[in-house]
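So the protein lines, in turn, are chains A and B.
If you read the first sequence in this note's numbering, its first letter stands for residue 131, the second for the next number, and so on.
If you read the second sequence in this note's numbering, its first letter stands for residue 20, the second for the next number, and so on.
Just so you know, not all the hints are guaranteed correct.
Unchecked claim - Cut-off 30 Å, straight-line C-alpha distance, at most; resulting in silico cross-link-like pairs (BS3-like, lysine-lysine):
| no. | chain 1 | residue 1 | chain 2 | residue 2 |
| --- | --- | --- | --- | --- |
| 1 | B | K179 | A | K244 |
| 2 | B | K60 | B | K230 |
| 3 | A | K244 | A | K265 |
| 4 | A | K265 | B | K60 |
Claimed, not checked - Some chain B residues judged to face chain A by a derived CB distance under 7 Å, without partners named:
| no. | residue |
| --- | --- |
| 5 | R22 |
| 6 | A180 |
| 7 | N181 |
| 8 | E190 |
| 9 | P191 |
| 10 | Q347 |
| 11 | V351 |
As the list claims (entries may be wrong) - Here are some chain B residues the structure puts well away from chain A; computed CB gaps all over 12 Å:
| no. | residue |
| --- | --- |
| 12 | L161 |
| 13 | V183 |
| 14 | R330 |
None of these hints come from the bench; they were simulated from the model.
A quick note: this is a predicted structure, and the numbers were derived from the prediction, not measured.
For each residue, glycine too, the CB sits at the ideal point set by N, CA and C.
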Amino acid sequence: MPAVIEVEGLRKDYRRLRGETVTAIDGLDLSVPEGGVYGFLGPNGSGKTTTIRCLLGLVRPTAGRCSLFGEAIPQALPHVISRIGAIVESPALFPTMSGRRNLELLAAYDGIGKATVADAIERVGLGGRGDDLVKTYSLGMRQRLGLAAALTKDPALLVLDEPANGLDPAGIREIRELLRSLGAEGRTVFVSSHILAEIQQTCDRVAILTRGRCVASGDVDEVIATGGEVGHLLVRAGDPTEAASALHAAGLPGTAQPDGTVRVDVDPDRAAEVTRALAASDRWVTELRAERANLEDVFLRLTGDEVASIPAAPRPPASPPPPSTPEGAM
Amino acid sequence: MIRTLRTEIRRALARRITRGLLVAAVIGSVVVGTIALVTSKSQDQLDASYQRDLEREVEFCVDDVYRWQQGSMVGRPTPDGNVQIVPADPGDPDAEMPSEEERRAQCEEETTLWWDRPTAFSLRDLWDPDNEQGLLLLPATLLLICGLGAGASMIGGEWKANTVTTLLVWEPNRSRLLGSRMIASFLVAAVAAVLLQLLFSAAWWPTAALKGSTSGLDSVWWTDYLQAVGRIGLMTGAAAVLGVALAGIARSTAGGVMAIFLWIAIGEQIVSTARPGLISWLIAPNLASLTVAENIDDGDFVITVADAALRLSVYVAVAVAVSLVLFQRRDVAG
């Protein structure tokens, strides 16, 4: 499968006025295959946006190389930009013009007509507000407008930096479905986000970035598996201390929890062994819950002490993640 | 390049500051024309008023001479019709008192010599080919300032609204983007300046037609007038390009505009005081020479119109080059 985005040894240092150097990206390697939704994760300041800026020719790398569609960036950017739609951070548009006018003026750079702009505005659910001034838009509406701008080009590659920023839960769900449908259409969607549950539900593949380096990448399930943890069980069966002892006696590692449950660190598929062991010691299970390992666990483990800056994200449900886009669609 | 240029022209015309300035200029021209029409006087009215003033002046003059002869205070008439009381020269007491007829004849002759006969507004007043001056210089100054400001906002506004990132995602060729923007600024500002000067001139037409004169507009006048309009249009376009370049360097509209105003208002004053030999290289005198298309020969320095055009062009070109290089190399990092 050809790589749409290829990054090798990318490094970006920022020199400050006082003379000190801050390294935003430190030898990043990344390969994003064609088609599907690719999540780009990392704590604040890990270098996600700087990487995106390097890819789009907005900042000049200190070292390393980037390519899009196999062409070197930034030299070949003018040749490939018409195939790329992008949002970098929050989309900035003229506040005193309508959303539609903003998009029409941008689309004119690519010779795109008003009808295409109107379609893009409709697609992101802004049809009724397209003619309102951008300054009257909420953050979520601006985000949608940015997405509409990116979609106007009918791009083969979408580069989206935090597209769910400022959206309400319904908006997040709409964007999730939109991204999945775009990925299913055969486009490559490269999306950075903090919202790990969203990434897990939306993306086929992910890369996790910390301190400017990629510490894990691949299919979502593969990356979760690299965490070395598949999940655990939470069981309630009378006194938690006694229940934990009974489980230990049966060779199942159980730990009493303050909420009265016992955490059993085994594959959730071994739930039957747990109920059997407790029944054998005359303890009856009143609640049994499987908590599978998720991206957030792996992310927190891989990014270590940097996570202090990550905003709280909703934990994904215990059920397995929804099926990813079929390989054939990528 | 053509598509980018066309888009940049559309962007320039869509900007609020461009539209606001154009509307303000149109309204301003109409208001000036209306005020001129209401307040100006026809040649007959001016003649009658002149005759009244002249007769009053002669009467004062006759009395003045009489009082001078008497060694008293005299009331000296002023051109605005008032009388200023001043100590009279005691005169020569032995001098023979001239008759009133003689005094009147003398006063009429002197007063007629001193007082110019006023003339009603003529369209030739818009631009006088003989001394390269006229009412057209009034909007010219405003046009240059507005051209500079509007040009500066073309890129300063993008930096302020943080839309440079969005722009570069659509047009990543930075030289083409900024170059097109400069050309678009030049074209929009120059064409707008020419049209607004024509509108300003047209606003005076009713006054000339109804209360003044539209005669004397021969081919020489039209040629000179249109040259002045075109020259000021080109200068406004160049001011807009300079605005884009300076605001591009400063990444701020205010920064770009303030830089040039501070330089002209303070920097050039210091230079002209400290190093008079450099005056001919300063912006302000060159701008003055080019605006009126007149050589300046101050004794200490000489600026020809050609020199002024060349120097100002070089200054704009240097600012453009620096701006393009910086924009090409600059990280756009939020």
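Here is how each hint holds up against the structure:
no. : hint            : result
1   : B:K179 x A:K244 : holds, 27 Å
2   : B:K60 x B:K230  : holds, 6 Å
3   : A:K244 x A:K265 : holds, 21 Å
4   : A:K265 x B:K60  : violated, 50 Å
5   : R22             : holds, 6 Å
6   : A180            : holds, 6 Å
7   : N181            : holds, 4 Å
8   : E190            : holds, 5 Å
9   : P191            : holds, 4 Å
10  : Q347            : violated, 10 Å
11  : V351            : holds, 4 Å
12  : L161            : holds, 24 Å
13  : V183            : violated, 8 Å
14  : R330            : holds, 35 Å
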